Every structure is written in C-alpha cells, then in structure tokens.
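Asker: In order, the protein sequences belong to chains L and R.
Residues 132 to 408 in this note's numbering are what the first sequence spells out, letter by letter.
Residues 14 to 275 in this note's numbering are what the second sequence spells out, letter by letter.
To be clear, the hints were calculated from the coordinates, so they are not data collected in a lab.
Computed from a predicted model, the values in this text were never measured in an experiment.
Don't take each hint at face value.
[What the hints assert, rightly or not] Simulated crosslink set (EDC-like; lysine to aspartate or glutamate; CA at most 20 angstroms straight-line):
no., chain 1, residue 1, chain 2, residue 2
1, L, Lys301, R, Glu116
2, R, Lys217, R, Glu228
3, R, Lys160, R, Glu77
4, R, Lys178, R, Glu123
5, R, Lys178, R, Asp200
6, L, Lys301, R, Glu103
7, R, Lys249, R, Asp209
8, R, Lys135, R, Glu116
9, L, Lys395, L, Asp328
10, R, Lys135, L, Asp402
11, L, Lys395, R, Asp209
12, R, Lys178, R, Asp209
13, R, Lys178, R, Glu92
14, R, Lys249, R, Glu228
15, L, Lys301, R, Glu92
Here are the chains, one letter per residue:
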Amino acid sequence: MSEATLDTSNQTNAQPQAARFAVFGTSFLIGLVLPVTAALLYEGAFRLGLVQARLLPPPSRIFTTLWKLAQSGELTTHVLATTWRVGMGFGLGAFVGMLLGALTGASHNARRLLDPTLQALRAIPSLAWVPLFILWLGIFESSKIALIAVGVFFPVYLGVMAAIANVDRKIVEVGRAFRLSRLALVRRVLLPAILPDFIIAIRSGLGLGFMFVVAAEIMGASEGLGYLLVDGQQLGKPDQILAAIIAFAVLGKIGDWLIVVLTKPFLTWQDTHQRSA
Amino acid sequence: MLTMDTLCKTYPNGTKALEQISLNVDAGEIVALVGGSGCGKTTLLRMISGLEAPSRGSVAIDGETIHAPHPAIGLVFQEARLLPWLTVAENISFGLDNLSKAEQDARVDEALLRVGLAGYGKRWPRELSGGQAQRVSIVRALVTQPKALLLDEPFSALDALTREKLQDHLLALWETHRPTLVLVTHDVEEAVALADRASVLQPKPGRIFADSPIELPRPRDRLSPEFAEAKRLVLKALDGSINQPNPQQTGKVYSPSAGGSF
Ligand SMILES: Nc1ncnc2c1ncn2[C@@H]1O[C@H](COP(=O)(O)OP(=O)(O)O)[C@@H](O)[C@H]1O
Ligand SMILES: [Mg+2]
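With the sequences and hints as input, model every part of the structure.
Answerer: Below, the structure is given as structure tokens:
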C-alpha cells in the first residue's frame, strides 16, 4: 500500500478557529451588501427630498420606531408572544408530522391507509380551517397554535415520508446483513440516513410556521408581531408595519439559523459539492 | 460446511436466475464462483447470505437451514457500501455492538493495521479511495469472525494493480482464522490466484457448468507456467459455459473434483 503515511484524521479541524470565524464573518458581510446599499440609497433620496415618504418611511424612521418599541418593552412582549406561538405550533406540527411521516415512509400498509386522507387534507387551503378552529378552540391561543401546527405538519410529514421511502436499499441491506433488529435498523441506519432531508423538512416547516403565525395574529390578537402589523395599518403607521416586518425577518432568520447550527455537527460526514468550495 | 441443495430462483418478474444449483463447500475452503455477467452469481450469493429466499431448494450452514442473515456468515458487497455517516473505525465496528468498547477498539485497530490503513480510523468514507473503501468493507465483515465469508466481485471496480494487492491482503486475512470463502468473480486470474476450487456458472438460467479443484501450492506465482495452465483450463470452461447450450458438459473441460460437485 503506497499511500503516504499519515494521520490526517484531524484534517477537518485543522483550519484554525479564528480563520473559520473570519470566513463566516466575510460571507455574513457579503450578504448584507445588497439590503444595506438599498437602505442607504433610499435614505439618501429621502434626505434630498427626491421621494415622498408618507407611505414608505425612510430606514432611519423605521429604526427609530423599532428602537422606541424596544425601549418601552413592547417589542419584547410582541416578540415573545409570537415566538411562543410559533414554538408551540412548530413543536406540535413537527412532532406529529415526523411520527406519521416515519410510519407511512416505513410501512407500505400504513401509507395505503393514511396517506390518501392526509393528502386530501393537504389540498385544503390551511386558512380554511380558521373558522372551525375558532369554533372548536376559541379565539385565544389554542386556535392559533392549531393553525400553525397544521401549517408546519405538512412539509414535515411529506419530507420525512419521502426521505424514509427513498433510503438506499443497498444501505438498508448492510443493516440486514448485520442482523439488526427492526428498532436498531431504524436507529442505526434509517435515522442517520434521512437526517439531511429531515433537517430540510424541519426548516421548511418552520418557515410555514412563521407564515401561519402572521395569519393567526392578523385574525385577532392583542399582542404579537402580527398584532403590530394590524395596529399599524389601522392607525396609519407604516413605520410600525415595517418595524414589525423587520422583526419577523430577524426572528425567522434566527430560528432557521438555530436549526442549521444545532444540526451541523451531525452532518460533517456529508459528501456534497458545497463542501469542496 | 455450506450446502446448497437444488437451489432455484425465479424473480417476481419471471426472470429465471438460477436452476438446480447444488454445491458443497468445506470448512476453510476457498471456492471461486466464476461466470459472465448476468449468470446469477449475485443471486446465488444473496441466497447463501439469507438476504434473498430461494424459490426452491435450500441452503444450509453446518446442517442449519438459512432463512435469514446468519451470524456465522459475513458478506462483502460488490460496492463497499460503507455507511457515510460513520467514520472508518465506526464502520468496521458496525457488527461488533455486543462487544465492549475496548474490545471493539482493539479489533478495529488490529484490522486497520492488517490492511495497511493504520491511522485512517477517524476518516470519513468520503475521504477514502475505492480500494481503501473496499478494504474497510472486507474488514468490516471479517472482524465479527464469521465462519464463512461471501464476497461478491469485491475487486471488480479496481485497477489491476490495486486488485492484485487486495487479493494478497484477502489471502493474508484468510490465513488467520481460515474462514470458508465463497468468492464471486468474473476474473479468471483472480479465481486461480485465490481459490482451492473454481465453479463455473452457465447463464440463462444460472447452472453449474464445471466444478474442479485448482491444485496449486501457495503462495502462488502468477507468472509460473502451472498458473497459466490452470488459468487456461478455467478460461476454457468459461468459454464452454457460454457457447454450450447443453448443461450436461460438466467435467469435460477440466476434471471434476472427487468431493466437489454432485
Ligand atoms: N431483483 C431482480 N429482479 C429481477 N431480475 C433480477 C433481479 N436481480 C437480478 N435479476 C436477473 O437475474 C439474472 C442474474 O442476475 P445476477 O445474479 O445479478 O447476475 P451476476 O451477478 O452473475 O451478474 C440476470 O438476468 C438479472 O437480470
Ligand atoms: Mg453480480
């Protein structure tokens, strides 16, 4: 065997922490170039009197509004309310979606039994449930969480089902050849194999969760970022609406980022073309 | 030790892959199953491994009929089939779950050393070459110390030089515990270099065409005239198996062994 003698086992960690952080910082900054430039241009145009800012306030005013909301503690209240609803709805929807997706993905019979019904339910625009949820669960938190959960459920269900059904037969056979029990096969082969797809399913689930929390809060809430939107509309405060939108963007991005960062250590094995870049 | 009794396999789509395969393999013997592409070699191996059930007939190990993967039988696939989310070391210890961590590590380290991959334990499979991955895959099957090891064209995807090295590695590994080896190959040189016996399969449906010992002392010199002669005989049988529609030609080409086919 003529391979050079080596212990390159630390190869992946060889890159110093600082360098990696610098790379991360750079790409983060590159991502900021476009929005910051646009904001500055608009701000400049506003200062020069080139635009009428009644309906689209300049960034400085939006951030002033955001700052005031933050200082008065209102922002925290609204962010917490929204986060809590998304968290609960997402947890519920993702959990049930995972469970049913795993069931229908792994068992042909379960799929024949459950999948047609679930697909039919999926065809219903989720907002159509709202009146029913309000009748059943009242106008407070439960109906909102239920709506968010429904939104999160479908992408997670579909993602997990497809991922399990598509696990490479050859890999599963390795498990069989080593005589893994059904449970061990799931734990040691199927779950790790679907992890990348599962994370994608969870991420799109969370995205839909944020979509539906807006719907739920617009329909009637006394707090939450969606409430800020409606309030801003009713009082004619576009800066408040935009402040709420920005808060939504930041919150959604943080949630997504959390999923990515928390799962990254489990995906270092992946052999993707991105890695070589 | 391994007994195949009138095995037949017809796939659900109607393909007749195997017909009436009867073969005995002794303990510690190395048998090469030689045959062209599509003559049912993989099918036969999958039935011995218990991954696939025969349509008729049965396979037994030490008298025990095989219905599902058996602890005494290891399997090496044509592709390495390493689990990409496990490191090389974790892949090798995949079948050692019942042992203590220390024992697992000891076996893994020894195995890596034996196939020239010491220090590769922490690598990911994606960081291996094809030959390295296949070595890991062989070792993964061998660390559980099976009584019989089945190999499905394990070196067919490798270049000639690497293939020869890995064949030597395989022989060296075999020397330690002397498990029974059933080696599927379409490479006559590989069969003659490794096997005590070569069974030539005939396609459509797969049948045993010829079955006889390769009586060359080990270590075998690939350049010796005896090696060339043995190769010629197996090659001739292989030619015959492809051009001869009548299956009853067993033994015409090179004499069947006393205890081999029946
Ligand atoms: N899963 C399957 N379903 C149907 N036919 C198959 C299947 N696997 C193999 N065959 C057929 O059985 C025959 C033998 O295949 P195989 O055992 O893979 O041959 P070999 O390994 O010798 O190349 C071929 O004709 C092939 O097309
Ligand atoms: Mg094959």
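Asker: Mind checking the alpha carbons of R:Lys178 and R:Glu92 for me, to see if they're no more than 20 angstroms apart?
Answerer: holds, 17 angstroms
Asker: Are the Cα atoms of R:Lys217 and R:Glu228 separated by 20 angstroms or less?
Answerer: Outside the cut-off at roughly 29 angstroms; violated.
Asker: Assess, step by step, whether the Cα of R:Lys160 is no farther than 20 angstroms from the Cα of R:Glu77, and give holds or violated.
Answerer: Distance of about 13 angstroms is within 20 angstroms: holds.
Asker: Has the given pair, L:Lys301 with R:Glu92, been kept, meaning a C-alpha gap of at most 20 angstroms?
Answerer: holds, 9 angstroms
Asker: Given the hinted pair R:Lys135 and L:Asp402, is their alpha-carbon gap at most 20 angstroms?
Answerer: holds, 16 angstroms
Asker: Would you check the hint for L:Lys395 and R:Asp209, treating anything up to 20 angstroms between C-alpha atoms as holding?
Answerer: Violated, at about 50 angstroms.
Asker: Quickly compare the C-alpha distance for R:Lys249 and R:Asp209 to 20 angstroms and report which way the hint goes.
Answerer: Holds - the C-alpha atoms of R:Asp209 and R:Lys249 are around 18 angstroms apart, at most 20 angstroms.
Asker: Please work out if L:Lys395 and L:Asp328 have their alpha carbons no farther apart than 20 angstroms.
Answerer: holds, 13 angstroms
Asker: So if I understand the rule, the pair passes when the alpha-carbon distance is 20 angstroms or less; does L:Lys301 with R:Glu103 pass?
Answerer: holds, 18 angstroms
Asker: Please verify whether R:Lys178 and R:Glu123 have alpha carbons no more than 20 angstroms apart.
Answerer: holds, 19 angstroms
Asker: Could you grab the alpha-carbon distance between R:Lys178 and R:Asp209 and see if it respects the 20 angstroms cut-off?
Answerer: Status holds; Cα separation ~19 angstroms.
Asker: Does R:Glu116 sit within 20 angstroms of L:Lys301, going by the straight-line distance between their CA atoms?
Answerer: violated, 28 angstroms
In the structure shown, a violation is registered for the earlier hints numbered 1, 2 and 11, in ascending order.
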